[in-house]
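Chemist: Could you put the whole structure together from the sequences, leaning on the hints where they help?
2 protein chains.
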Amino acid sequence: MNVLLVYAHPEPRSLNGAIRDFAVQRLRDAGHQVQVSDLYAMQWKAQLDGADTKAQPGNAPFHPSLDSKHAFENGLQSDDIAHEQEKLRWADAVILQFPLWWFSMPAILKGWVERVYAYGFAYGVGEHSDERWGDRYGEGSLAGKRAMLIVTTGGWESHYSPRGINGPIDDILFPIHHGILYYPGSDVLPPYLVYRTSKVDEARFAGIREELGQRLDMLGTTAPIPFRRQNAGDYRIPQLTLREEVEPGAVGFAAHVQ
Amino acid sequence: MNVLLVYAHPEPRSLNGAIRDFAVQRLRDAGHQVQVSDLYAMQWKAQLDGADTKAQPGNAPFHPSLDSKHAFENGLQSDDIAHEQEKLRWADAVILQFPLWWFSMPAILKGWVERVYAYGFAYGVGEHSDERWGDRYGEGSLAGKRAMLIVTTGGWESHYSPRGINGPIDDILFPIHHGILYYPGSDVLPPYLVYRTSKVDEARFAGIREELGQRLDMLGTTAPIPFRRQNAGDYRIPQLTLREEVEPGAVGFAAHVQ
Chain A
1 MNVLLVYAHP EPRSLNGAIR DFAVQRLRDA GHQVQVSDLY AMQWKAQLDG
51 ADTKAQPGNA PFHPSLDSKH AFENGLQSDD IAHEQEKLRW ADAVILQFPL
101 WWFSMPAILK GWVERVYAYG FAYGVGEHSD ERWGDRYGEG SLAGKRAMLI
151 VTTGGWESHY SPRGINGPID DILFPIHHGI LYYPGSDVLP PYLVYRTSKV
201 DEARFAGIRE ELGQRLDMLG TTAPIPFRRQ NAGDYRIPQL TLREEVEPGA
251 VGFAAHVQ
Chain B
1 MNVLLVYAHP EPRSLNGAIR DFAVQRLRDA GHQVQVSDLY AMQWKAQLDG
51 ADTKAQPGNA PFHPSLDSKH AFENGLQSDD IAHEQEKLRW ADAVILQFPL
101 WWFSMPAILK GWVERVYAYG FAYGVGEHSD ERWGDRYGEG SLAGKRAMLI
151 VTTGGWESHY SPRGINGPID DILFPIHHGI LYYPGSDVLP PYLVYRTSKV
201 DEARFAGIRE ELGQRLDMLG TTAPIPFRRQ NAGDYRIPQL TLREEVEPGA
251 VGFAAHVQ
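Protein chains in written order, with UniProt numbering: chain A, 1 to 258; chain B, 1 to 258.
Because the hints were derived from the structure by calculation, they are not lab data. Some hints here could point you the wrong way.
Simulated crosslink set (DSS-like; lysine-lysine; CA at most 30 Å straight-line) [claimed, not checked]:
1) K69/A with K145/B
2) K87/B with K145/B
3) K69/A with K54/B
4) K199/A with K145/B
5) K87/B with K45/A
6) K45/A with K45/B
7) K145/B with K69/B
8) K54/A with K199/B
9) K45/B with K87/A
10) K54/B with K199/A
11) K69/B with K45/A
12) K45/A with K54/B
13) K45/A with K87/A
14) K54/B with K69/B
15) K45/B with K87/B
16) K145/A with K45/A
17) K54/A with K45/B
Modeler: Written as structure tokens, this is what we have:
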């Protein structure tokens, strides 16, 4: 497979750096082609703004989605954006690796999503009408690809458990799994998590190599999280609420998993 | 009151720009002191990295939290970070205003949180032991202050309803409300939300002025979201899970609201 690893940590000599190096080697040893987008090393521009299009600025106000659409459709995207889109098209599997900072991805990776996920590429794809609300949530430009998170946290596993104070890790990651990876069509695999990073010693790192190695060996075969497809009948359109007969009374993120 | 408005939108001639201008005027007319951190206009540096400290780089790897701690304790933080911390200390109320991009805040604002929320300022505050897990989740440097989000979305309100496909807006915002605002001690007010931004015409904007104006008039009196305090008895320490007798069987984000 072709695997794209998008990596967001400022220090190569870190736990994340060691995990990244291990993952790349393991994938290559298994015969996969691997590209790494090392966002800090690339000095990735994090903020979405008018410089993301090569279109001549007119007098009209900058509009994040409409200017993105125009640039995407007319080959006027800035080169760094177009290059990352090429990598996504090339990839059969995409891995996002990052430390959980303030209960989400680092800003530099969020900015990669915002800028690379152009209108027409990752959203605004397909027919939008009263009967169909675009190709998204299970359909779209990244359909048929696999995606997986590798996430480290300083906090303990219990802090992220179903009754833990930070909230359950599945709910914290839902906006990324469902809203960023599944939205443009990817099949999303369960994440690989490393908790309590300050206590990772050689013995624990050996365990990480073992566990993560197995996950990477099964990258092509692990069953994805069974999110509900938007356009397969479970949702009313255009309200996009679950039909009454689908898990009656269920609310919240978990209701969108079959 | 002293009010800090942290604003993240690249175009002043936008709906967000108009809302920002209205909010600042309304607050000033009511006699409040207002400062605005306009992150795009300030060209705020979004990515957290080794340039955030003035300490002489040694041979040790950059460590996001330990280097932050050292810089904070020794007056070695970069000036932009220290300046924003001063604004937070000055403020009685903090408003974060942003468009919801990919189900979270824009990267530039996420980077404001990551860099301004230094170790010793917003986390790593207070005694950490088997009996007390720091001053956080209801206690901390920002205790006694009020905080509120103003958020715009392109999607419809129904898409963010309890059974809407994007997930309930309260759950989408929980990592910000609870994990970013309540964590260092602020009282968090219910958010002010504007849905389906592409359909805001003059009539709807008049309604926004009316509703948001009332919310701003009540900034000092609106009841905050009653999140559970970490150190007030509801949680086991250091596991930080809800005690068995607290809402038995409840799981997920909502269990942390009384």
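Chemist: Hinted pair, alpha-carbon criterion (30 Å max): K54/B, K199/A. Please report holds or violated.
Modeler: holds, 28 Å
Chemist: Would you mind confirming whether the straight-line C-alpha gap from K54/A to K199/B stays at or under 30 Å?
Modeler: Within the cut-off at roughly 28 Å; holds.
Chemist: Given the hint that K69/B pairs with K45/A, test it: the Cα-Cα distance must not exceed 30 Å.
Modeler: holds, 26 Å
Chemist: Is the Cα-Cα distance between K45/B and K87/B 30 Å or less?
Modeler: Holds, because 17 Å separates the two Cα atoms, which is no more than 30 Å.
Chemist: With the threshold set at 30 Å, check whether the alpha-carbon distance from K69/A to K145/B stays at or below it.
Modeler: Violated: K69/A and K145/B sit about 41 Å apart, past 30 Å.
Chemist: Need the status of pair K45/B, K87/A: alpha-carbon distance at most 30 Å?
Modeler: OK: K45/B and K87/A at ~26 Å, within 30 Å.
Chemist: Is the hinted pair K87/B and K145/B satisfied, with a Cα-Cα distance of at most 30 Å?
Modeler: holds, 12 Å
Chemist: Taking only the CA atoms, is the gap from K45/A to K45/B under or equal to 30 Å?
Modeler: holds, 10 Å
Chemist: Is it true that the CA of K54/A sits at most 30 Å from the CA of K45/B?
Modeler: Roughly 22 Å between the alpha carbons, so the hint for K54/A and K45/B holds.
Chemist: Do the alpha carbons of K45/A and K54/B lie within 30 Å of each other, as the hint requires?
Modeler: holds, 22 Å
Chemist: Under the criterion that the straight-line Cα-Cα distance not exceed 30 Å, is the pair K145/A, K45/A satisfied?
Modeler: Holds: K145/A and K45/A sit about 26 Å apart, inside 30 Å.
Chemist: Is K199/A within 30 Å of K145/B, Cα to Cα?
Modeler: Cα-Cα ~34 Å, so violated.
Figure legend: structure checked against the earlier numbered hints; hints not met, in rising order: 1, 3, 4.
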